[in-house]
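Chemist: Take a look at the letters that make up each chain.
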Amino acid sequence: MKKRGVSMFPFVIIFVLLAGAIILMFFFGFAKGVKEQGESVNNLQIVNLLDRELDSFTLAENARDTFEFPSEPEINITCIGGEKSRIQYGDARRDTFKLIAAPGILKGKKLDAWTLAWEYPFKIDNFYYLGNKKIRFYSPYSPPGTAAKIDDNIPATHFSKRNVNQIDAEINQVDNAVNILYSDPVSFNPNLKVKTVKIDTNTKTVTFYKPDGTAEGPEPYWGLPMAIAAIFAEDYNEYKCIKEIAKKRLGRMSEVYEKKARELESKETDPGCKGIYQQIITILDIPFDINGELDGNYESGLIKLNRQLIGKNCPPLFLT
Amino acid sequence: MKKAQIQFMEMIFVLLILIIIIFIGMFLYFSFSSKSIQKKGEELLDLDAAILTDAVIGVPEITCGSNCVDTLKIINFDSRDPALGTYYLNSYNSPSGRFKNMNITIRRVWPVPVNEDVECDLGKFNEVGRYPDDNCGYFVVNKGIKQPGQSKEIIQNAVALYYPTKERYEFGLIRIEVFK
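Note that the protein sequences, when read in sequence, are chains C and Y.
Under the working numbering, the residue at position 26 of the first sequence is numbered 26, and the numbers go up by one with no gaps.
Under the working numbering, the residue at position 65 of the second sequence is numbered 385, and the numbers go up by one with no gaps.
Be a bit skeptical, because a hint or two may be false.
What the hints assert, rightly or not - Below, simulated DSS-like cross-link-like pairs (lysine-lysine); rule was C-alpha separation at most 27 Å, straight line: (1) K463/Y / K259/C; (2) K444/Y / K274/C; (3) K84/C / K463/Y; (4) K312/C / K486/Y; (5) K304/C / K486/Y; (6) K123/C / K472/Y; (7) K486/Y / K259/C; (8) K110/C / K133/C; (9) K84/C / K123/C; (10) K193/C / K134/C; (11) K420/Y / K259/C; (12) K204/C / K123/C; (13) K355/Y / K35/C; (14) K267/C / K486/Y; (15) K109/C / K35/C; (16) K84/C / K198/C; (17) K486/Y / K123/C; (18) K420/Y / K247/C; (19) K248/C / K463/Y; (20) K210/C / K267/C; (21) K355/Y / K322/Y; (22) K32/C / K463/Y; (23) K500/Y / K84/C; (24) K123/C / K247/C; (25) K123/C / K312/C; (26) K444/Y / K259/C; (27) K486/Y / K274/C; (28) K133/C / K210/C; (29) K444/Y / K267/C; (30) K123/C / K149/C; (31) K84/C / K420/Y; (32) K472/Y / K420/Y; (33) K248/C / K420/Y.
What the hints assert, rightly or not - Just a sample of chain Y residues kept apart from chain C, beta carbon distances all over 10 Å, derived: (34) K393; (35) N435; (36) I465; (37) E497.
What the hints assert, rightly or not - Between beta-carbon pairs, the in silico distance windows are: (38) A63/C / I474/Y: 22 to 30 Å; (39) I303/C / I474/Y: 36 to 44 Å; (40) K133/C / A370/Y: 27 to 35 Å.
Don't read these hints as lab results, they were simulated from the structure.
In this text, a Cβ means the ideal position worked out from N, Cα and C, and glycines have one as well.
From just these sequences and the hints, can you work out the full model?
Modeler: Below is the structure:
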């Protein structure tokens, strides 16, 4: 029988194909890994950029700015367990103790940020508000006083002095609409994009209304910056969560000023001044009632006593 | 062994070497790019000097207004107070500790202090008649600990020091050492 030679060609082809496939798989896996890591860094860069921009507001009493991102991120701001705020974009996130109020997910290349110093009556912290052109605020009527001040603090570019029932044509163009009311009757727009917030400047409370008319609240607010936080917050629960972080800050700052008042009292020789410091210490020692709400006399009492200190030429507790 | 078999073995050997070289190349490239991404990540955590100074001076626990710190508040401030939890000292990715990895001191500059190397603390504050003119020269806001391998960046800025008991202002210098 004639011996036949075995052709190597098919084996070489199979080998080359297998090796090629393995190399290609490796390259694809590698490229995918690098791409994912690049995206992750990019997301982290955006989250950090936002947090850093907010840091630059720390000293501001009242400031506004527009941040521009290199891409068009979907940034989600959430309050976590009354402990902290979370800035999240994709898999990147940054937790912060900042008091940030934002109406859910913010999508867009540009982001508008505001800050107001929360002075109650001394500086407690800053409230930060985030929005973009897809979020609009509507207030049909604001009586003079606190209500007018609240409206004044919402940038005109995002604000319309109109009734919520007149905005149907605009709703399709926005992601969120906030209907701000200062008195009854409460008017609704059943569109799911519309949130209604009633701010009662007499009782210093906010009530949230869902599009179906369900009321949540009333919940007290402590100062104008917190009332504005209610307008920006996604919903009632988010507001309560932000308020809880704010409460911790207020408790902490009360301790700081209580210690300061004790030191000032210990160095004071004038009995009149000593008495005022002691009254201040009493207010700051237990700022919250058994329900966790702030004593109604807290801000006004401290302002009054601080004025008395200034009037008597004693070192004031806080500078105004 | 036949010639064809030898050629076949040679080819396999060459291809194997080629694959090994490719893998080594990929490994090196990947480790370098990974290091570069890590470096970029670290850079992202760096704070701009101006923002950092503002962020420290603006902390309500020590501030008394724009570019002003209340010395009585600093004396009573303890960033390591357990009641504060991790508010000032936590690390990245837990809520941003305002003073994380930082040594923050404030020196009295003008009027020139007598004891410039003595810390102004509660003990010195209680030395009636001597505080702060005769008994101390600087305030400590936070004591950071430099870990092995960390580099140090120093930021300094002028700041007004307010003394509530004396109702007077002095000129000071805030020094922030950031460990990275």
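Chemist: Hint by hint, note whether the structure agrees.
Modeler: Hints, one by one, checked against the model:
1. K463/Y / K259/C: holds, 21 Å
2. K444/Y / K274/C: Within the cut-off at roughly 22 Å; holds.
3. K84/C / K463/Y: holds, 24 Å
4. K312/C / K486/Y: holds, 15 Å
5. K304/C / K486/Y: Holds: K304/C and K486/Y sit about 22 Å apart, inside 27 Å.
6. K123/C / K472/Y: Violated - the C-alpha atoms of K472/Y and K123/C are around 32 Å apart, more than 27 Å.
7. K486/Y / K259/C: holds, 17 Å
8. K110/C / K133/C: holds, 8 Å
9. K84/C / K123/C: holds, 19 Å
10. K193/C / K134/C: The given pair, whose Cα atoms are some 11 Å apart, holds under the 27 Å limit.
11. K420/Y / K259/C: Holds, because 24 Å separates the two Cα atoms, which is no more than 27 Å.
12. K204/C / K123/C: Holds, at about 20 Å.
13. K355/Y / K35/C: Since the Cα atoms of K355/Y and K35/C sit roughly 15 Å apart, the hinted pair holds (cutoff 27 Å).
14. K267/C / K486/Y: Holds: K267/C and K486/Y sit about 10 Å apart, inside 27 Å.
15. K109/C / K35/C: holds, 21 Å
16. K84/C / K198/C: Roughly 26 Å separates the two Cα atoms, so the pair holds.
17. K486/Y / K123/C: With Cα atoms ~22 Å apart, K486/Y and K123/C stay inside 27 Å; holds.
18. K420/Y / K247/C: Within the cut-off at roughly 23 Å; holds.
19. K248/C / K463/Y: Roughly 24 Å separates the two Cα atoms, so the pair holds.
20. K210/C / K267/C: violated, 54 Å
21. K355/Y / K322/Y: The hint is violated at about 50 Å.
22. K32/C / K463/Y: With Cα atoms ~43 Å apart, K32/C and K463/Y exceed 27 Å; violated.
23. K500/Y / K84/C: Satisfied, since the Cα-Cα distance of roughly 25 Å is no more than 27 Å.
24. K123/C / K247/C: Between K123/C and K247/C the Cα gap is close to 13 Å, so the pair holds against 27 Å.
25. K123/C / K312/C: holds, 23 Å
26. K444/Y / K259/C: This hinted pair holds, its Cα atoms lying about 16 Å apart.
27. K486/Y / K274/C: holds, 16 Å
28. K133/C / K210/C: Answer holds: K133/C to K210/C is near 22 Å, not above 27 Å.
29. K444/Y / K267/C: Answer holds: K444/Y to K267/C is near 13 Å, not above 27 Å.
30. K123/C / K149/C: Cα-Cα ~19 Å, so holds.
31. K84/C / K420/Y: Satisfied, since the Cα-Cα distance of roughly 17 Å is no more than 27 Å.
32. K472/Y / K420/Y: Holds, because 13 Å separates the two Cα atoms, which is no more than 27 Å.
33. K248/C / K420/Y: holds, 20 Å
34. K393: violated, 6 Å
35. N435: holds, 20 Å
36. I465: Label holds. Min Cβ-Cβ 22 Å, cutoff 10 Å.
37. E497: holds, 18 Å
38. A63/C / I474/Y: 22 to 30 Å: At 28 Å between Cβs, range holds.
39. I303/C / I474/Y: 36 to 44 Å: Hint holds: Cβ distance 40 Å, inside 36 to 44 Å.
40. K133/C / A370/Y: 27 to 35 Å: holds, 29 Å
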